[in-house]
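Spelled out from the first residue to the last, the chains are:
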Amino acid sequence: MRYDSVLDMIGETPLLRLDPAKHGVPEAEIFLKLESANPFGSVKDRVAWGLLRAHIDEIVENEQVVVEASSGNTAKALQIIASMHGVGFRAFTNRVRVREVREMLSLLGTEVTEMPGLSECPDPTAPNDVFGVIGDLMAAEPGRYHHTSQYTNEDNLRAHYEQTGREIHRDAGSVDLLVGGLGTTGSTRGAATYLRERNPATAVVGVVAAEGDFIPGIRSAAEMWEVGLFDPGFYDAIAAVDSADAISASLELATRHGVLAGPTTGAAYAAARERLLAGPGGPVRAVVIACDRMEPYLSYYRHRRPDLFGAASPAPAEEAPSATPGDLEAWVAAGEHVVVVDVRTALAFQAGHIPGAINLRDDLLEQVMEAGMPFSERSRVVFVCPTGDRSARFAARAAASGRKAYNLEGGVLGWRDSGRPLAGV
Amino acid sequence: MSQRFPLPAARHPLAARFLDDAAAVGEAIERFGSPLHVVFPQVIAENAAALAGVLRRHGVPYEIFYAHKVNASAALLAETSAAGLGADVASAAELDRALTAGFAPDRIEATGPKSPAFIERIAELGVTANADDLWELDRLAAAAPAGSAVPVLLRLSGFASPAVPQSRFGIDLADADAALETVRRAPGLDLRGVAFHLDTADPAARVDALTESMAVVAAAHRKGLRPSVVDIGGGFRQRFVDDPEPFQSYSQALAAAAPGELVWPGHDPSVSHKYANHRPTTEVLERFLAAELERRPVAEVLRECMLTLWIEPGKALVDHAGVTLASVLYRKRAAGRDLVVLDLSRNQVTPADQEVLLDPVLVDGHGEPPAEGVFLAGRLCLESDLVSRRKVFLESEPSSGDVLAFVNTAAYQMDLSASFAGGHPPPPKIAAVLEGGRFAFVADDHHGS
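Sequences listed follow chains P and U, in order. All the letters of the first sequence, read from the start, carry residue numbers 1 to 425 under my numbering. All the letters of the second sequence, read from the start, carry residue numbers 1 to 449 under my numbering.
Isolated chain P (complex conformation) (with noise of 0.2 Å):
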């Protein structure tokens, strides 16, 4: 099909059946509503333009910059069209966390402010938020910037009660439930707003990261509950989904279905089947959207599923020569070369550690471990961790490719309650 503009190609998105026989829930039609089709990779494209289309043409004329609460596909999107336009676009964000997305964002030239520990949402319970500083912002200078303002803007609302609730009605008929991940809300909002009217027992789930989990551009069941946030009374339920369970869901849909969805996605399609398998059975049909693809995630899966990723099995951690905090003072006093490898995190290296060591966190360490073994032959290396437990696999392994590798005995907790010194940095 031929555009003249890469915007014409936002939206009319497909909508997938999936197959009965392989997603596995009796009399159920599942639909997947590909937003990964958008021309920018996701559902946020629309939201994007529907924010921006009524005042691009203001924004070129007074050369304002764009400014948004996003760390990921809003940002991106926002990124796009404003440089299309030769504006500017600032985003702020608490924290980008994948990596994939950080290094788009830098491609596309997108400047970020990050602050970590403020909330990206508006809340009436927390004294500063993204939103009062990027308030704070816009009093600096006025008129210099165009805040889009997703969580609050009735044009994200729009956009997916115009089109995207309006697709999905088109092509799959009367639905019986929608499911989709909670972000700013918009999107299950305002296409649900369009299916409710059509069918007033449309049900709608809302998905949300379990407490203490992760699921990128999804709250966590704390961050849903802070008073005021949003309207509880319009879902049906509010399903929390662990990240464990939205990667292995997502990739079902990659090998079952051959959708190549993301993890919250996963976590979709993950709180739709346990409702549909929990529900009354009976003829019923399922809308879940799929906001974007697996790839920006490899990182994720990667930190999450390291044995989907070929990790080694390691040397058996008790087949680790050991030393004690005598048998290295000893060998540094007769001159030997000796190299203490401490896998803490770094701010806990920095409060205290065995003086003279070097800093090499476990996660890395491994990683490091897996493209070869970085120590000379000649060394001694200890390796150090709180109380010995965790270090010794690095030993074993060091050991095991011929390093004189030991894992010291009581790591630097016995160090220290021996009383010998620790250096901070």
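Any given hint could be a false lead.
Below, simulated DMTMM-like cross-link-like pairs (lysine to aspartate or glutamate); rule was C-alpha separation at most 25 Å, straight line [said to hold, decoys possible]: (1) U:274 - P:211; (2) U:223 - P:417; (3) U:223 - P:211.
Derived from the structure by calculation, the hints contain no laboratory data. Everything numeric in this text was worked out from a predicted model, so none of it was measured.
Go by the hints and put chain U onto chain P.
For chain U alone, kept in the frame of chain P given last:
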């Protein structure tokens, strides 16, 4: 009939059982009088076990210090001693009570601003000093005899992170080096670690404060000191309601109401959202320990840093560990409104004059809920002595001689503001213990003195 906006308080099973037992309430009032503060030592033990359970589940070495200032009760203090907690004391009088309750000096920590006399006692006993200022450290250094090892925590403030609320307490991070130097030079002091306390439920604020505090731990190591504790203070919330919805409806109605409709004329109808909290009192701690720091849960980072986590809960420990009883004197109509006059004063049940956004319970109440809300009036000769400045919607119709129970009042509400105004002493306090299906009462008076 106008619309009703009840704000039902969550009730601990023990408190519910007591308030449902009209004979027990009657016996308490008859023996000890009205008004009356009742504390439940069994509840503080349960709360302590819940907090300890969270810390154990996350595998963090810890100590819990009960912030005694939250309630002057000797029974609650004794219960925390029996439960193996430490005591956090804020004055020489509280220190004496902790010693009386059986805490050894090495299980006592002194926090807050301290007088020279208090500092002398801290040094003499070897109680842990949570130092609020360089001035205190200098005096402590002078008071601690050479050869002793009076444990010291540096309470830090002035964090750079915008997520951390500013505080009037503590030693500014810019002065931390001077503070460490004072401790290092003092022959009788031993740096136990660093401390902070944040008035927020935000886990990110504690994570940021912890991160910045670690620079002081590192600086301490560089000076040859051996810190082993990080103390994150208190600030753990109470759980006031089972369901936040009535509170939300109420606050919306309040915003939309005409002046004087839901609030006594002349008073500020602002609401405190803390009363909507329906999540467990352990939640703030849980969220902090599970928060990510360097892509790793805080609990694991603390283990790696080889630091023992100290916490000083007050409100979270006494959450639901007390109720306040008051008799209805009479009902009247004034200023076009219904009043229930109580033998209680506002300052005996509200902390620092803050309106309590929970409804009291009418003991042994019967019948349909009254259509109209009432204002609860106190007994002082002050127009402002309204126990409730907002209209409360009781579950049944009160009349002269009935007993109203204010639920969950053990945190600051009993002692913080109570005065002897009008010749009314602060209400007596008793401890109620459920034994074999019956409540046993013992007098528990400190009178907040």
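We went through each hint and held it up to the structure:
no., hint, in the structure
1, U:274 - P:211, "20 Å, holds"
2, U:223 - P:417, "17 Å, holds"
3, U:223 - P:211, "40 Å, violated"
Consistency with the previously given hints fails for number 3 only.
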